[in-house]
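S.K.: As a plain string of letters, each chain reads:
Protein chains: 2
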Amino acid sequence: MDEQYVLGIDIGGTNSVFGVVDARGSILYSGAIKTGQYTEINDYVAELCKGVKVIIELAGGIELFRGVGVGAPNGNYFSGCIEFAPNLPWEGKIPLAQLISDQLDGLPVSLTNDANAAAIGEMTYGLARGMKDFIVITLGTGVGSGIVVNGTLVYGHDGFAGELGHVIVRRGEGARPCGCGRNGCLEAYTSATGVARTAREILEKRTDESLLRGMPAADITSKDVYDAAIKGDKIALEIFEFTGEMLGEAFADFVAFSSPEAIILFGGLTKAGDLIMDPIQKSMDKNMLKVFEGKTKVLFSQLKESDAAVLGASALGWEAK
Amino acid sequence: MDEQYVLGIDIGGTNSVFGVVDARGSILYSGAIKTGQYTEINDYVAELCKGVKVIIELAGGIELFRGVGVGAPNGNYFSGCIEFAPNLPWEGKIPLAQLISDQLDGLPVSLTNDANAAAIGEMTYGLARGMKDFIVITLGTGVGSGIVVNGTLVYGHDGFAGELGHVIVRRGEGARPCGCGRNGCLEAYTSATGVARTAREILEKRTDESLLRGMPAADITSKDVYDAAIKGDKIALEIFEFTGEMLGEAFADFVAFSSPEAIILFGGLTKAGDLIMDPIQKSMDKNMLKVFEGKTKVLFSQLKESDAAVLGASALGWEAK
Numbered sequence: 115m116d117e118q119y120v121l122g123i124d125i126g127g128t129n130s131v132f133g134v135v136d137a138r139g140s141i142l143y144s145g146a147i148k149t150g151q152y153t154e155i156n157d158y159v160a161e162l163c164k165g166v167k168v169i170i171e172l173a174g175g176i177e178l179f180r181g182v183g184v185g186a187p188n189g190n191y192f193s194g195c196i197e198f199a200p201n202l203p204w205e206g207k208i209p210l211a212q213l214i215s216d217q218l219d220g221l222p223v224s225l226t227n228d229a230n231a232a233a234i235g236e237m238t239y240g241l242a243r244g245m246k247d248f249i250v251i252t253l254g255t256g257v258g259s260g261i262v263v264n265g266t267l268v269y270g271h272d273g274f275a276g277e278l279g280h281v282i283v284r285r286g287e288g289a290r291p292c293g294c295g296r297n298g299c300l301e302a303y304t305s306a307t308g309v310a311r312t313a314r315e316i317l318e319k320r321t322d323e324s325l326l327r328g329m330p331a332a333d334i335t336s337k338d339v340y341d342a343a344i345k346g347d348k349i350a351l352e353i354f355e356f357t358g359e360m361l362g363e364a365f366a367d368f369v370a371f372s373s374p375e376a377i378i379l380f381g382g383l384t385k386a387g388d389l390i391m392d393p394i395q396k397s398m399d400k401n402m403l404k405v406f407e408g409k410t411k412v413l414f415s416q417l418k419e420s421d422a423a424v425l426g427a428s429a430l431g432w433e434a435k
Numbered sequence: 115m116d117e118q119y120v121l122g123i124d125i126g127g128t129n130s131v132f133g134v135v136d137a138r139g140s141i142l143y144s145g146a147i148k149t150g151q152y153t154e155i156n157d158y159v160a161e162l163c164k165g166v167k168v169i170i171e172l173a174g175g176i177e178l179f180r181g182v183g184v185g186a187p188n189g190n191y192f193s194g195c196i197e198f199a200p201n202l203p204w205e206g207k208i209p210l211a212q213l214i215s216d217q218l219d220g221l222p223v224s225l226t227n228d229a230n231a232a233a234i235g236e237m238t239y240g241l242a243r244g245m246k247d248f249i250v251i252t253l254g255t256g257v258g259s260g261i262v263v264n265g266t267l268v269y270g271h272d273g274f275a276g277e278l279g280h281v282i283v284r285r286g287e288g289a290r291p292c293g294c295g296r297n298g299c300l301e302a303y304t305s306a307t308g309v310a311r312t313a314r315e316i317l318e319k320r321t322d323e324s325l326l327r328g329m330p331a332a333d334i335t336s337k338d339v340y341d342a343a344i345k346g347d348k349i350a351l352e353i354f355e356f357t358g359e360m361l362g363e364a365f366a367d368f369v370a371f372s373s374p375e376a377i378i379l380f381g382g383l384t385k386a387g388d389l390i391m392d393p394i395q396k397s398m399d400k401n402m403l404k405v406f407e408g409k410t411k412v413l414f415s416q417l418k419e420s421d422a423a424v425l426g427a428s429a430l431g432w433e434a435k
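Residue numbers (the working numbering), protein chains in the order written: chain A, 115 to 435; chain B, 115 to 435.
Think of the hints as simulated: they come from the structure by calculation, not from any bench. A couple of the hints might just be wrong.
For identical chains, the list gives no copy identity; a pair is met inside one copy or between any two copies.
Think about it this way: if two alpha-carbon atoms lie no more than 25 Å apart in a straight line, the pair counts; the simulated BS3-like pairs of lysine-lysine are [what the hints assert, rightly or not]:
{"id": "1", "residue 1": "Lys345", "residue 2": "Lys435"}
{"id": "2", "residue 1": "Lys409", "residue 2": "Lys207"}
{"id": "3", "residue 1": "Lys164", "residue 2": "Lys348"}
{"id": "4", "residue 1": "Lys207", "residue 2": "Lys404"}
{"id": "5", "residue 1": "Lys348", "residue 2": "Lys435"}
{"id": "6", "residue 1": "Lys396", "residue 2": "Lys164"}
On a predicted model such as this, the values are computed, not experimentally measured, just so you know.
Let's have the full structure, built from the sequences with the hints guiding it.
M.R.: What follows is the structure, given as structure tokens:
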């Protein structure tokens, strides 16, 4: 019988989601477990594969599967390991591709980081179909990226290329500390937590009215900023302006590097729509080197966020060896 | 008879140099004309090809040639055109590959920008032999770059990728104006003219003694700074510190993008040796994201500067269609 399916696994700090995907990119069966509950990697893999085997059987059995693709924070495509992932419960280097393959009768497993998986998903099933040069930026709790050059993902010599959340956008005094231990990273300003921090900073510095003053400053989330902004709240709108400006500045530099046809935005912050897109476009235009002016599109991913991670990971499964 | 030679042409603002190159990377015959003397592109091409034909005949005739490679500022690999090159005498879009091919019995001609040609030269004949991921940075009158990812040059969707001299390293008040019309570009600080400008700024701001005070500030060149630095002049050493710091900061960001095995430096400023290498290394280490620490080598090109440009361009000739 033909190998007509792949299995996609998306590992996040909170949930691990998995699904059976066919060649047209339909998710036929899916399941999930809580990542954080398993401090022992072997317990985690056992529980994950228990769930995975259930949907494999539902789809007709393991002989119908071509391979498995896994997207995980700090996942290394070359080694098949998760390496020193700060948001996962397991320390050091975890040979996850091997561990999963061992539980699934040696089915080939390919692994990469979650943002790279998102880029592969866009290329296989999303807006980047037919594009040879594009960048996916994931705007969530952190800021990640998957870069495609000449039709292939950029892994770099060590498998870790594409950490665009950690290019420095502000230097010197006042540059914000980032979770990575350095200061001034794009992520420190444009992640969900970065947006919340911008809110706290602006509210503290100023005295004008804002809907955001109705809650304790420490509890404000990027969602609260969005809710206030769509009601026309001036400070909330200013927060999106500031965030978009930072992103546009950084994107102009990214274009100078790989001159992509498009930068595709993915993740929670994209729900803000024009509130974030307009300042990004304005700032990008303002900061762009002349030769690149008006050439690179900025787009919101059209893939459903809940599906995209599994789809992206699964696309790796077709090529797994 | 076999096609055993290629022809390399390097077009600079001052000189255009060309040579016959064999498969081992030896330049067998060479010649040059002054670029700036020809304000009419047709006159330029006629004179260039007159010289080129002489060395083609010396090598045994055009039937021994596989193709021609051209490196030129703002050269576009996809279109074969020089497009809006500010330092060349011809305006607008010049279909140079076609014009040269027409003069050489239809011999295939491939064209790219000079920094990309340098990267191809390093990959074919230099330190990057066997590397799949590296970046060449050219430090001359301007700052250029050629980026290789997964064994192929990064051209981007429009053929203009790799303008790393124009990523922004300083923002806001006090960011230096750059020749590109924007402010704060890497080139504004680390090109030969950038180094000279740093000298003028430091001398003006301070009163301590320096060998550089012996000449009119406006006449100081990066060569003068070097001459003073090797004599132990403190201000001159500080100028290299500052320049290296800027480069190291930018390189840490480049590594976050493509995670290259090496960054290879090429051009006039590399003559400063450890005076520039030490501060680059220090600054790169200080600014590097943890996952990349100590992984990317910084190297000086070992190709003779006068030969490298022709060799790099010629390497394109093997693949010209």
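S.K.: Hint by hint, say whether it matches the structure.
M.R.: Now for the hints, and whether the structure bears them out:
1. Lys345 x Lys435: Neither way: lysine 345 and lysine 435 sit 51 Å apart in one copy and 59 Å across, limit 25 Å.
2. Lys409 x Lys207: Intra 41 Å, inter 17 Å, cutoff 25 Å: inter-copy only.
3. Lys164 x Lys348: For lysine 164 and lysine 348, the Cα distance exceeds 25 Å both inside one copy (50 Å) and across copies (68 Å).
4. Lys207 x Lys404: between (44 Å within a copy, 15 Å between copies)
5. Lys348 x Lys435: neither (53 Å within a copy, 58 Å between copies)
6. Lys396 x Lys164: Answer is neither: 49 Å inside a copy and 49 Å across each miss the 25 Å cutoff.
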